[in-house]
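Protein chains in written order, with my numbering: chain A, 1 to 127; chain B, 1 to 127; chain C, 1 to 127.
No lab work stands behind these hints, which were simulated from the structure alone.
Treat the hints with care, as some may be off.
Since the list gives no way to pick one copy over another, a pair counts as held whenever it fits inside one copy or between any two copies.
Stated by the list, open to error - Straight-line alpha carbon distances no greater than 20 Å define the calculated EDC-like cross-link-like pairs of lysine to aspartate or glutamate that follow:
(1) 96 x 68
(2) 52 x 27
(3) 98 x 66
(4) 22 x 127
(5) 52 x 75
(6) 96 x 127
(7) 96 x 47
(8) 51 x 100
(9) 15 x 74
(10) 15 x 66
(11) 117 x 127
(12) 118 x 14
(13) 96 x 74
(14) 96 x 14
(15) 26 x 100
(16) 26 x 127
(17) 117 x 8
(18) 98 x 47
(19) 118 x 8
Residue strings, one per chain:
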Amino acid sequence: MNTPNRKELVNITDKVTEAVAKSGIKEGFVLVSAMHITAGIFVNDEENGLKKDIMRLLEHLAPVGDYEHHKTGEDNGDAHLKRMLVNHQVTLPITKGKLDLGPWEQVFYAEFDGQRKKRVILKALGD
Amino acid sequence: MNTPNRKELVNITDKVTEAVAKSGIKEGFVLVSAMHITAGIFVNDEENGLKKDIMRLLEHLAPVGDYEHHKTGEDNGDAHLKRMLVNHQVTLPITKGKLDLGPWEQVFYAEFDGQRKKRVILKALGD
Amino acid sequence: MNTPNRKELVNITDKVTEAVAKSGIKEGFVLVSAMHITAGIFVNDEENGLKKDIMRLLEHLAPVGDYEHHKTGEDNGDAHLKRMLVNHQVTLPITKGKLDLGPWEQVFYAEFDGQRKKRVILKALGD
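Start from the sequences, fold in the hints, and give me the full structure.
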């Protein structure tokens, strides 16, 4: 992942769907986990207003500001905390060879300190 | 799930226990995941006071209110956000054919926009 | 786990790494889950300032205080709520027989009501 904006929500459902198809697994799980500690993964609705609401909530709960972490020279303390609140991973069911999501479930990568290259691990397990 | 109240915490530990027994799996995991995006799943104590405290905390952090999401005609923005904070899934260990919970761990379905039919997926994997 | 302080963040990455090695699993997942309902598990950076920031955020969002739960004689309502916000488990990928973490990812046990014996379950699944 390399987002043009420092903070951004990216719908990665298609990428997860492809990875599940490639895995050849018929029944099992796929783990989707952000490997960098200032990004998260969550499942919610693909709706622009809601995405703004989510970012506003996170900014309200864990605002940009002065953090102890910044004594190291970093300036992304809020990004670490936002990732904590969002959580950094989901485990999704695979049924009959397909990603088994509810009617409105979409998978999002939540970037809180982007504009640089980051990785998400997708790992499937099953039969 | 179809809760009589719009917001409700439902203890689903027995249902998960049954599903594990039916699966025949001796060692593995069971994923419990809310398939609708205004509900969550969590593990905590079966204690009425605590359940009130949890709902109050969520109402405090992500209150009913005016959200961008409501421009679509919806009125459940807070429910989407509460689900984000609670998280929508847990993965539980299965050991010797049984759900392997700690002494006070109970599994809850957290409904934030109910009074209609919703699904929770239970999927077990293992040997 | 038995922490000297009532609230403490303990880096358990080495313990998880050992458990993965012992499991003999080459490709799969390891579930790390706090079995007591006043403790959590999360993945973030090993940096002292950040650890203070995380504890301050949690104290700010779910402070020590009067809770309904305390009518039972308990005094740890805030600890139950903090665990909810942190989440109580992570699922970590195992690749080529090793714990597959990102460059800065470290696994933490978050104790919110310690000074007594508690358990964390580590359970690996895969081939």
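Comparing the hints with the structure gives:
1. For a Cα distance limit of 20 Å, the shortest separation of residue 96 from residue 68 qualifies neither inside one copy, at 48 Å, nor across copies, at 37 Å.
2. With identical chains, the CA atoms of residue 52 and residue 27 are never at most 20 Å apart, being 35 Å at best within one copy and 38 Å at best between copies.
3. When the C-alpha separation of residue 98 and residue 66 is checked against a cutoff of 20 Å, the pair qualifies neither within a copy, at 45 Å, nor between copies, at 37 Å.
4. Proximity of residue 22 and residue 127 under a CA criterion of 20 Å is satisfied in both settings, with 13 Å inside one chain copy and 18 Å between copies.
5. Taking CA atoms no more than 20 Å apart as the test, residue 52 paired with residue 75 passes between copies only; the shortest distance there is 15 Å, against 23 Å inside one copy.
6. Taking the shortest alpha-carbon separations for residue 96 and residue 127, both the intra-copy value of 10 Å and the inter-copy value of 19 Å come in at or below 20 Å.
7. Proximity of residue 96 and residue 47 under a CA criterion of 20 Å is satisfied in neither setting, with 28 Å inside one chain copy and 39 Å between copies.
8. In this homomeric assembly, residue 51 and residue 100 never come within 20 Å of each other (Cα to Cα): the closest approach is 22 Å inside a single copy and 30 Å across copies.
9. In this assembly of identical chains, residue 15 and residue 74 lie within 20 Å of each other by CA distance neither inside one copy nor across copies; the values are 31 Å within and 28 Å between.
10. Taking the closest pair of Cα atoms, residue 15 and residue 66 never come within 20 Å of each other, the shortest separation being 36 Å inside a single copy and 33 Å across copies.
11. Proximity of residue 117 and residue 127 under a CA criterion of 20 Å is satisfied in neither setting, with 33 Å inside one chain copy and 31 Å between copies.
12. In this assembly of identical chains, residue 118 and residue 14 lie within 20 Å of each other by CA distance solely inside one copy; the values are 18 Å within and 24 Å between copies.
13. For a Cα distance limit of 20 Å, the shortest separation of residue 96 from residue 74 qualifies neither inside one copy, at 46 Å, nor across copies, at 33 Å.
14. Taking CA atoms no more than 20 Å apart as the test, residue 96 paired with residue 14 passes inside one copy only; the shortest distance there is 17 Å, against 26 Å between copies.
15. In this assembly of identical chains, residue 26 and residue 100 lie within 20 Å of each other by CA distance solely inside one copy; the values are 11 Å within and 24 Å between copies.
16. In the homo-oligomer, the alpha carbons of residue 26 and residue 127 lie at most 20 Å apart both inside one protomer (6 Å) and across protomers (16 Å), since each shortest distance falls under that limit.
17. Within a single copy, residue 117 and residue 8 get their C-alpha atoms as close as 14 Å, which meets the 20 Å cut-off; across copies the closest is 32 Å, which misses it.
18. Taking the closest pair of Cα atoms, residue 98 and residue 47 never come within 20 Å of each other, the shortest separation being 23 Å inside a single copy and 38 Å across copies.
19. In this assembly of identical chains, the alpha carbons of residue 118 and residue 8 lie at most 20 Å apart only when taken from the same copy (13 Å versus 30 Å across copies).
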